[in-house]
Amino acid sequence: GQNIDQPTEMTATEGAIVQINCTYQTSGFNGLFWYQQHAGEAPTFLSYNVLDGLEEKGRFSSFLSRSKGYSYLLLKELQMKDSASYLCAVRDPGSARQLTFGSGTQLTVLP
Amino acid sequence: NAGVTQTPKFQVLKTGQSMTLQCAQDMNHEYMSWYRQDPGMGLRLIHYSVGAGITDQGEVPNGYNVSRSTTEDFPLRLLSAAPSQTSVYFCASSAQGAANEKLFFGSGTQLSVL
Numbered sequence: 012g013q014n015i016d017q018p019t020e021m022t023a024t025e026g027a028i029v030q031i032n033c034t035y036q037t038s039g040f041n042g043l044f045w046y047q048q049h050a051g052e053a054p055t056f057l058s059y060n061v062l063d064g065l066e067e068k069g070r071f072s073s074f075l076s077r078s079k080g081y082s083y084l085l086l087k088e089l090q091m092k093d094s095a096s097y098l099c100a101v102r103d104p105g106s107a108r109q110l111t112f113g114s115g116t117q118l119t120v121l122p
Numbered sequence: 156n157a158g159v160t161q162t163p164k165f166q167v168l169k170t171g172q173s174m175t176l177q178c179a180q181d182m183n184h185e186y187m188s189w190y191r192q193d194p195g196m197g198l199r200l201i202h203y204s205v206g207a208g209i210t211d212q213g214e215v216p217n218g219y220n221v222s223r224s225t226t227e228d229f230p231l232r233l234l235s236a237a238p239s240q241t242s243v244y245f246c247a248s249s250a251q252g253a254a255n256e257k258l259f260f261g262s263g264t265q266l267s268v269l
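Here the protein sequences come in this chain order: A and B. Counting in our numbering, the first sequence runs from 12 upward without gaps. Counting in our numbering, the second sequence runs from 156 upward without gaps.
Be a bit skeptical, because a hint or two may be false.
[To be verified] Below, simulated DSS-like cross-link-like pairs (lysine-lysine); rule was C-alpha separation at most 30 Å, straight line:
{"id": "1", "chain 1": "B", "residue 1": "257", "chain 2": "A", "residue 2": "92"}
{"id": "2", "chain 1": "A", "residue 1": "68", "chain 2": "A", "residue 2": "87"}
{"id": "3", "chain 1": "B", "residue 1": "169", "chain 2": "A", "residue 2": "68"}
{"id": "4", "chain 1": "B", "residue 1": "257", "chain 2": "B", "residue 2": "164"}
{"id": "5", "chain 1": "A", "residue 1": "92", "chain 2": "B", "residue 2": "164"}
{"id": "6", "chain 1": "A", "residue 1": "79", "chain 2": "A", "residue 2": "68"}
{"id": "7", "chain 1": "A", "residue 1": "68", "chain 2": "A", "residue 2": "92"}
{"id": "8", "chain 1": "B", "residue 1": "257", "chain 2": "A", "residue 2": "79"}
{"id": "9", "chain 1": "A", "residue 1": "87", "chain 2": "B", "residue 2": "257"}
[Stated by the list, open to error] Simulated coverage check for chain B against chain A, where a stretch passes if three residues somewhere in it have a Cβ under 8 Å from a Cβ of chain A:
{"id": "10", "segment": "198-210"}
{"id": "11", "segment": "218-229"}
{"id": "12", "segment": "242-254"}
For the record, the hints were derived by calculation from the structure and aren't laboratory data. In this text, a Cβ means the ideal position worked out from N, Cα and C, and glycines have one as well.
Build out the structure end to end from the sequences listed, making use of the hints.
See below:
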């Protein structure tokens, strides 16, 4: 089975940097995804990590440590539109490659 | 470019009624799935399919049926709705190639069972 933990809520100021952590305990691992979900909308893909290290994509970066079962999503130069829920998800290595999601971190960006 | 299309967007049912949530994708994806999203519990997998004619249960399958007669369509049936099925439902699809294939989500269905 999979157990994924994220903080429930975070608050940050426009222009700042925020780090959203995700820890996981899984029976198997075939990659970790981050999704962004605005209120009332569908989740949209942000990043994928399968090897240890940092993946940078514009203002967003994602880090993975497989030995520690730990990932974080780093958001730089925060904008008001970054207010959303951020979902961490782990891919099962089985044939169906299912995704198991954490409960999400609700980020509020204040002016 | 439609992607994943879900209907209806909103639905209110009475306890015991049945209904079907429709999901269609035009990306020729082999993998399709249904999730429900409840406050504080994240997205939970209901059923999934790895291709036409193949379906399997996810984490919370009770009270739901699915079928996959074509690559494009993956409807979710509620046989006898219960208040515990009040939730937001998302259909999602992905290609079955590399492990980094991401899920594409439909816009969701807000279901209330009274």
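Hints broken by the structure, by number, lowest first?
Violated hints: 3, 11; rest satisfied.
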